[in-house]
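Colleague: Chains A and B, in that order, are what the protein sequence lines are. To convert, count from 1 in the first sequence and add 16; that's the numbering used here. To convert, count from 1 in the second sequence and add 119; that's the numbering used here.
Quick caveat, the hints were computed from the structure, so don't treat them as lab data. Virtual Cβ for every residue (Gly too), placed ideally from N, Cα, C. It is possible that part of the hints are untrue.
[As the list claims (entries may be wrong)] Which stretches of chain B does chain A cover? Using the computed rule of at least three CB atoms under 8 Å from a CB of chain A, they are:
id	region
1	188-200
2	227-234
3	238-244
[Claimed, not checked] With a Cα cut of at most 20 Å, we get these calculated SDA-like pairs of lysine to any residue:
id	chain 1	residue 1	chain 2	residue 2
4	B	Lys203	A	Ser426
5	B	Lys228	A	Arg21
6	B	Lys228	A	Ser417
7	B	Lys312	B	His330
8	B	Lys228	A	Val489
9	B	Lys203	A	Ala427
10	B	Lys228	B	His267
11	B	Lys154	B	Ile351
12	B	Lys312	B	Leu356
[Stated by the list, open to error] Simulated DEER-style distance windows between Cβ atoms:
id	chain 1	residue 1	chain 2	residue 2	range
13	B	Glu251	A	Arg337	18 to 26 Å
14	A	Ala147	B	Gly210	27 to 35 Å
15	B	Glu336	A	Arg127	52 to 60 Å
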Amino acid sequence: MSLLRAGSLPWLLVHEARVTWREMTSRTSPAALIGLGLFILGFLHIVFWELITSFSDALAAPVAPQLITFVGLLLIVATPLLLAYGINTSVTAVFERGDLDLLVSSPLPSRTVFAARLINVIITMFVPFMAFLSPFVTVGLLSGMPHLLGVIPLAFVLATTGASLGLLITLALVRLLGARRARTVSQVLGVLAGAALYFIFYGSQVFGFDTQALVQNPQAIAAYFAPGALLGPESLIWYPARVAFFEPLPTLLVLLATVALAVLTTFLVHRSFALGLEAQGSGRGRRRTAGPATGQPAKPATLSLGGETRSFAVNEGSAARLLILNEWRLLLRDPYLISQTFLQLLYLIPVAFILFFDRDAGEPLLGGLAIADLAAIGGIMLLGVLAGSLARITISGEEASDLLVSAPISARSLRRAKLLAALIPVWVLALPILLALVLFGTAGFWLTLFIVAATVGSTLLIALMRLWNPVIVSRQDLFKQNRNGSNTFQNILEAFLPVGFSLAAVGIAMGNFLGWAGMALAVAIPVIAFVRSRDNAGAFEPLDR
Amino acid sequence: MTEAVANAEPTTTGRPAPATAALELNGLSKRFGNKRAVSDLNLRVEQGELYALLGPNGAGKTTTLRMVAGLLTPSSGDAFILGKSITETPGQAKANLAFLPDDPLLYGKLRPLEYLEFVAGLWGIPREEARERGSELLRWLDLWDHRHEITEAFSRGMKQKLGLAGGLIHQPRVMILDEPLTGLDAGAARDVKDLLVEYVQQGNTVILTTHIMEIAERMAQRIGIISRGELIAQGTLNELRAQSREQGDSLEAVFLDLVERE
Chain A
17 MSLLRAGSLP WLLVHEARVT WREMTSRTSP AALIGLGLFI LGFLHIVFWE LITSFSDALA
77 APVAPQLITF VGLLLIVATP LLLAYGINTS VTAVFERGDL DLLVSSPLPS RTVFAARLIN
137 VIITMFVPFM AFLSPFVTVG LLSGMPHLLG VIPLAFVLAT TGASLGLLIT LALVRLLGAR
197 RARTVSQVLG VLAGAALYFI FYGSQVFGFD TQALVQNPQA IAAYFAPGAL LGPESLIWYP
257 ARVAFFEPLP TLLVLLATVA LAVLTTFLVH RSFALGLEAQ GSGRGRRRTA GPATGQPAKP
317 ATLSLGGETR SFAVNEGSAA RLLILNEWRL LLRDPYLISQ TFLQLLYLIP VAFILFFDRD
377 AGEPLLGGLA IADLAAIGGI MLLGVLAGSL ARITISGEEA SDLLVSAPIS ARSLRRAKLL
437 AALIPVWVLA LPILLALVLF GTAGFWLTLF IVAATVGSTL LIALMRLWNP VIVSRQDLFK
497 QNRNGSNTFQ NILEAFLPVG FSLAAVGIAM GNFLGWAGMA LAVAIPVIAF VRSRDNAGAF
557 EPLDR
Chain B
120 MTEAVANAEP TTTGRPAPAT AALELNGLSK RFGNKRAVSD LNLRVEQGEL YALLGPNGAG
180 KTTTLRMVAG LLTPSSGDAF ILGKSITETP GQAKANLAFL PDDPLLYGKL RPLEYLEFVA
240 GLWGIPREEA RERGSELLRW LDLWDHRHEI TEAFSRGMKQ KLGLAGGLIH QPRVMILDEP
300 LTGLDAGAAR DVKDLLVEYV QQGNTVILTT HIMEIAERMA QRIGIISRGE LIAQGTLNEL
360 RAQSREQGDS LEAVFLDLVE RE
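Please construct the entire structure, taking both the sequences and the accompanying hints into account.
Modeller: The following block contains the structure:
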């Protein structure tokens, strides 16, 4: 019997892989996609190479127990982020793939459908993990340190654990709250999980527990990590960290435990998965009933339908105001879009907290940079991402673009209004952050000026990039990975622009090559986006094709 | 263009034709890459006419209407709405035009009156006047009971009627409708037909595409048939019959004969 028998799990996986590949290459050529992948790998190697090779003595086998403990702590710190990523990827897998209705309504066992989707989520998470860890593989191969190849099973362990737990949480929410509410709540949970570390760390200070002093005084906690202690080097808790260095027994045990978690997840929730989808389907398109016809005026006997030339003067300024206010009203009425955009602002809370309330925010911390400066640089990135999301909503999410184009308003006015609708909220949020940087930051004049310029520049450019490559798509599909109308290449460009500006700020402040790499990204990305837009008609202009 | 079309005399509604046409197409053409969608289209629709544009799928009807509404740039030629060029003076041309695609252009999270006020604002109508006229339209189209609901909860027919109200809110002289009756139930279709007839009776112009021959047969004063991007015939139903081998037959038979001959 063929391994790829129709209806089997491998057959479904091949189908999923083919669909994913077709979606990825539908608007971006395979060559461009591969080129971009190689560019990202090269960029990560450049950024991390120096760091890894400078620690090559410590990384050589046998690895010191302290390093294993350090890696283990890093993994614990990263767990909330892993969970956040797992939940967000699961939300995409459960709610945003249009083919699940078909699959679940087919005679395929729900276990097969769920297992295929779980593996899909695992692969979706594994690929970026592996990309980030690839410099370790290269160093391991080139420097005769094969134990560093342990990052490969580690990436698998992280992806499988994140995917399994993410799907478990998401589907538990579907069962408890129903599909619609579960979708929004799971997204909120994803963000909260990502920010959990901060809340634990700073939140505990609010309640009088000085975690910062504890971290700054490692001797106080060293006893917990001594041999024979609860968190000693031989503790099971560090087994995942040992996977990173390919220690045979821990690797085998952790891999087995991870696979067991995935199998258990499949057996536990495959039925809920199908039920969750049914709930999602049944909620669709439900109509409200009409309200009582209280005070209904009589239908007018006649209706004036024109017949004489109208002479209203179209004022472009008032039309632009009308458009901006309409955009904000539409956004505020859509909890899904709010959850997709303003939830990102939760991450700004730590930034604001540090800038406004942390007494030590002005103390130099890293490369002469104060924590206030670092927070402001993080703010650049978050505000850039927010500007990108809002521009996506106001420009690509226009529900009645034909109406706007057929109205007697110039395309230029329409574009300006759309840009302002996306940028005004972002700049209003940026203002106190930048003000705090000026007041509390230790950055010199030029760095402060650069951070201000980078905030304005990255938010403006990311919105312009969306305007240069406008693809109109349904608002409900805007944040769906495969149906948001953008091509993969454009999404990656938008994701990396704020990264480029932030890296540039850090690099310039610390005076190292990261600044040039960041600057190169910040300049190259808008240029690439602009060049790619040459064949497009301008947004809200008559189309050529 | 075929000889039949070239010889066809434009027939008006019985009134003397005003000097300025409601819509005039001069050599309008559109190519998509190597594909010719619309080819050298010449057409004149007088004010006060209801003109139906028929054609098989992919004939170029929607492309033509989208060029007229300023949504597509013509490859060559021009369209004039009440004498104003859509390519040279798009703002003036659009001021007296409403375009309604087959899928209504609504904002799902707006209530009907908010939507109408917004559309009116795009055409420069003061808010108070927009609200008054919007309320009047909602009552006229039997949507008043639903004024507190957001439009994403509307049925297809309700959306189509609200789209129509959006087209009428600025009292345009010319309305272009692409398949206005698609997906409507009998009651909603009758409302829309009644409204269009009344709109034309008040001296305005409607240009519509439809696949429903009965609509064109009963409502349109003149009918144009487009096939493979070319206008192959136009005139009243009787004039089309005269051009067809299927004399005395229904519009459907005449249409099929003319299209097959091409």
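Colleague: Could you tell me which of the numbered hints above are not met by this structure, giving the numbers in increasing order?
Modeller: Violated: hints 5, 14.
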